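The primary structure of each chain is shown beneath.
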Amino acid sequence: MSATAPREALATRLAARGIATTAATWSAAQRAALRDALPDRLATPRSAAELRELVLEATVAEESLLVIGGGSALACGAPPRRSALAVSMRGLDRIVDHSVADFVVTVEAGIRFATLQDELRRHRQWLAVEPPDRDEATLGGMIAAQTTSLVAAGHGTLRHHLLGLRVLYADGRFGKSGGRVVKNVAGYDLMKLHHGALGTLGIVVEATLRLRPLPECDLVTRASCRDPSALAEFGDALAQPGFAPAGGHFVGQLQSGALEGELLARFQGATSAAHAQAGALEAALTARGPWSRETLADGSHAARPRSLRDAAAAFSSHDEIDSALVSLHFAPSATAATVAALLRFGAGRVALDLVRGVGSIRLATDGAGGPLSQSLALGIVALHRDVAAHGGALFVTAGPPELRAALPDRAETAAAAALAVKLRDELDPHRRFNPDRRGP
Amino acid sequence: MSAALERIVGRSHVLTGRAELLTYESDGLTHFRKQPRAVVLPGTTEEVAAVVRWCAETGTPFVPRGAGTGLSGGALPCETGIVIELARLRRILEVRPRDRLARVECGVINADLSTAVRPLGLHYAPDPSSQSACTLGGNVAENSGGPHTMKYGTTTDHIVGLRVVLPDGTITELGGPQNELPGLDLVGTFVGSEGTFGIATELSVRLTPNPAVIRTFLFAFRDIEQACQMVSRIVADGILPAALEMLDQTTIRVVEASVLKAGYPTDADAVLLVELDGIAAQVEEDARRVRTIATEFGAFVSREAATAEERLKLWKGRKGAFGALGRLSPDLYVQDAVVPRSRLPEVLRRVRAIATEEGVRLSNVFHAGDGNLHPNISYDGRDADEVARVLRAGDKILATCLEVGGSLSGEHGIGLEKRDSMALMFSSDDLDRFAQVRRAFNPLGLCNPDKVLPGAKVCVEFRHGISIEGVTH
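The listed protein sequences derive, respectively, from chains Y and V. Per this note's numbering, the very first residue in the first sequence carries number 1; after that it's consecutive. Per this note's numbering, the very first residue in the second sequence carries number 441; after that it's consecutive.
Hints in this document: simulated from the structure, not taken from any laboratory. The structure presented is a predicted model; accordingly, all values stated were derived computationally and were not measured. Don't take every hint at face value.
Between beta-carbon pairs, the in silico distance windows are [what the hints assert, rightly or not]:
hint: 1; chain 1: Y; residue 1: V421; chain 2: V; residue 2: N650; range: 41 to 47 Å
hint: 2; chain 1: V; residue 1: A720; chain 2: Y; residue 2: Q253; range: 34 to 40 Å
hint: 3; chain 1: V; residue 1: D820; chain 2: Y; residue 2: H430; range: 56 to 62 Å
hint: 4; chain 1: Y; residue 1: R226; chain 2: V; residue 2: L884; range: 57 to 63 Å
hint: 5; chain 1: V; residue 1: R731; chain 2: Y; residue 2: S292; range: 32 to 38 Å
hint: 6; chain 1: Y; residue 1: T413; chain 2: V; residue 2: T747; range: 45 to 51 Å
hint: 7; chain 1: Y; residue 1: P440; chain 2: V; residue 2: A748; range: 52 to 58 Å
hint: 8; chain 1: V; residue 1: R879; chain 2: Y; residue 2: S292; range: 52 to 58 Å
Subject to a maximum C-alpha distance of 30 Å in a straight line, what follows is the list of computed DSSO-like cross-link-like pairs (lysine-lysine) [stated by the list, open to error]:
hint: 9; chain 1: V; residue 1: K836; chain 2: Y; residue 2: K176
hint: 10; chain 1: V; residue 1: K756; chain 2: V; residue 2: K591
hint: 11; chain 1: V; residue 1: K591; chain 2: V; residue 2: K753
hint: 12; chain 1: V; residue 1: K591; chain 2: V; residue 2: K701
hint: 13; chain 1: V; residue 1: K753; chain 2: V; residue 2: K701
hint: 14; chain 1: V; residue 1: K591; chain 2: Y; residue 2: K176
Beta carbons: idealized from backbone N, C-alpha and C, even for Gly.
Full structure from sequences and hints, please.
Listed below in structure tokens is the structure:
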């Protein structure tokens, strides 16, 4: 049987049921990330019922689906197998329910994060995360891709705010887990299972989230940094009693054994408390100054200081096509050793969460998603070894095959990987959704 | 059977005598009692794995057990199987203060970890009322909470890695000490699985810095609904207290008549304990606003613990309330359900009406900030008619909580107690999905069978001889 015949059959079957598909258009970055795996056709269901019909038709046609949200995290995970059809969740973008008094909201998965935050801000509330791709990311995509948050030091990641999920599984049935209350242990925690699964176990249709009141003050204090020893000192200072930072980052450039960038500390809460902490940090690290303080208005990235936008861009998985992205995970106590390893490695744009020990390294490729230079490929292997020697780990988020060959894309022992396969065998035995993105 | 198990763990660590097994015939939910064929006490992960492998090879069901303080029957033995008691795995293996991490064995007592790391300026945040007895492994199984979960979250927010023995005897690591590792979140999935996915023998836990400032307030109200409204206002005003705990009049009076006497005003309809912690400037600002809100909502007593001893006293009264309620009757039925915070006044009214309707003696002590209710019913288990009324009242309370969008359990778990009530909250499709996930971890179904999900009928003996087949209470 030819490869295209069943795909046409699926589009035809969907058309017969009144579900339109269109020619899929992909950005250069998406083409660079997924190459041959991108389908030619795209469907954008407008309701959960329509999505279900689509999935059932895909089952009959024995075809798989590439499910996408805002498209900002398509590069994450292992390269998927080619699917017959892309399914955009952007048609399911409603706020289903917002219980203002209970600080709980239920949304459809295709809603953009920025749209949701704008709506919540009208009620002086927010979902206490700040994804790198604030203006593009959808909630469903953020759940699937376990998107990091620039305020994770203070509020955790989206994982900590997920109260419930409604998921469409490959057998065409919906499943609910969790609920609409802020504390709940009834039933297994499938919210965690889907968080980071890259949509390989089911399609998240709705999410219920815990909200927080908007902080009275959102303050950043920052200083230029060229001295590698300042990074550990900065992280250590923020770990002292008297500080409760929302974030503490270094953002900058590595080049030829040197680094150059900015240290940023973020404090949220009562105005007096935020300024008291910023003042105390500046005093403790006077020699690392001069420091400049700025109060942030909630809103799009465009309104942010350059260095915060740089931090977001450094963690983002899709903003450029001529680079590859590596995630770095290290113990805060090993910050100095990790920075030394980075200096030995020597090239790329880095963003490091120095409170939590999470970072990203963006490496230059030869353009259009092409190969890494051989020296970079060898360097990344050495960096991986150096970081691991201090208890850290490196994973590839996006990049060309030679980078993927050098680094794993997920953290799993053999037994845990086998368990992951069993979970997929149970929930999506025919690998209908995003096949291979989290392994076979 | 015992010879094979003795070869693995040694003769002195296998219990088979009827008297020895008595201790293990129930957990904290004493309604249900069963004796296992044996209790095995392994001392290492490898011994746990060997015992579990033996179970898999011989088709023997097994029930993992920590301290047995659970309140939903999750550690109730299976008569055809064994109990794997994990108390011997009680070492704190590693503490990394700068990384705020500890690696511990599953049998470490919750409070002991906080005691051990206190000199380092750290503590382990989840603090269930049973923290002086319950084990961290048990906390992982139940995703335990406590009064301070409002700010600090439940167990799942504090576990970063697990060493687990899967139900086929395989030992594996899930997660790890680093943040945001890419891949399926098997740690998050395992936590709260109530011992049905395997046995976590080692835990990497997140430690929390001791707050620079702690301030604890007592507010007393003539009307519990005003107290509930104050709770909603505190949250709406952007204040995130470490704890917001409520005691009703019955509980207040019982505590005040006991050795736990905490100075709660006995003429109050409700006492609200508010604890603020964190950096000084933030706590100062929040305290000012909380006092203003209390005045606005008519608190007739507004008091701050002036010393650490006074604070401890206020908390001893709260944490010991369940024990103090033992003064009222021989038996206590502790309910655990959650409702949206804004529905607390209405639900409390309805719960009181249910108690009146069924003629049962009700008290309330609960985590108001989370909407996590603990309606307690004091009764005499020797009175069959009263038992029936207690069970009916419990069912009605649960139904009321679910009707307003709540949950069957906030922290005690489903276990056996609420297993058959799961269908009230979840559809059969939802339950099938849970069963699929359990099958992936536990394909033979030998690991803590008959818990959490309805399905197989069980025959259990009620404490005072009432046989209840296939029902939850």
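Verification of the supplied hints:
For the pair V421(Y) and N650(V), the supplied restraint of 41 to 47 Å holds, since their beta-carbon distance comes to about 43 Å. About 38 Å separates the C-beta atoms of A720(V) and Q253(Y), a value consistent with the hinted range of 34 to 40 Å. As the Cβ distance of D820(V) to H430(Y) is approximately 57 Å, the hint placing it in 56 to 62 Å holds. Roughly 60 Å separates the CB atoms of R226(Y) and L884(V), a value that falls within the hinted 57 to 63 Å.
At roughly 36 Å, the beta carbons of R731(V) and S292(Y) sit within the given window of 32 to 38 Å. Judged by the Cβ atoms, the range 45 to 51 Å given for T413(Y) and T747(V) holds: they are separated by roughly 50 Å. Range check, P440(Y) to A748(V): Cβ separation about 57 Å, and the 52 to 58 Å hint holds. For R879(V) paired with S292(Y), a C-beta distance near 57 Å keeps the hint of 52 to 58 Å intact.
Proximity of K836(V) to K176(Y) is assessed by CA-CA distance (about 23 Å); at most 30 Å being required, the pair is judged to hold. At most 30 Å may separate the alpha-carbon atoms for a hinted pair to count; K756(V) and K591(V) meet this at roughly 20 Å. Note on K591(V) and K753(V): the hinted pairing holds, with a Cα-Cα distance of about 21 Å set against a maximum of 30 Å. Among the hinted pairs, K591(V) with K701(V) is consistent with the structure: their alpha-carbon atoms are about 27 Å apart, no more than 30 Å.
Taking the CA atoms of K753(V) and K701(V), the gap is about 8 Å. The hint holds against a cut of 30 Å. Distance restraint check for K591(V) and K176(Y): the Cα-Cα separation of roughly 26 Å lies within the 30 Å cut-off, and the hinted pair is therefore satisfied.
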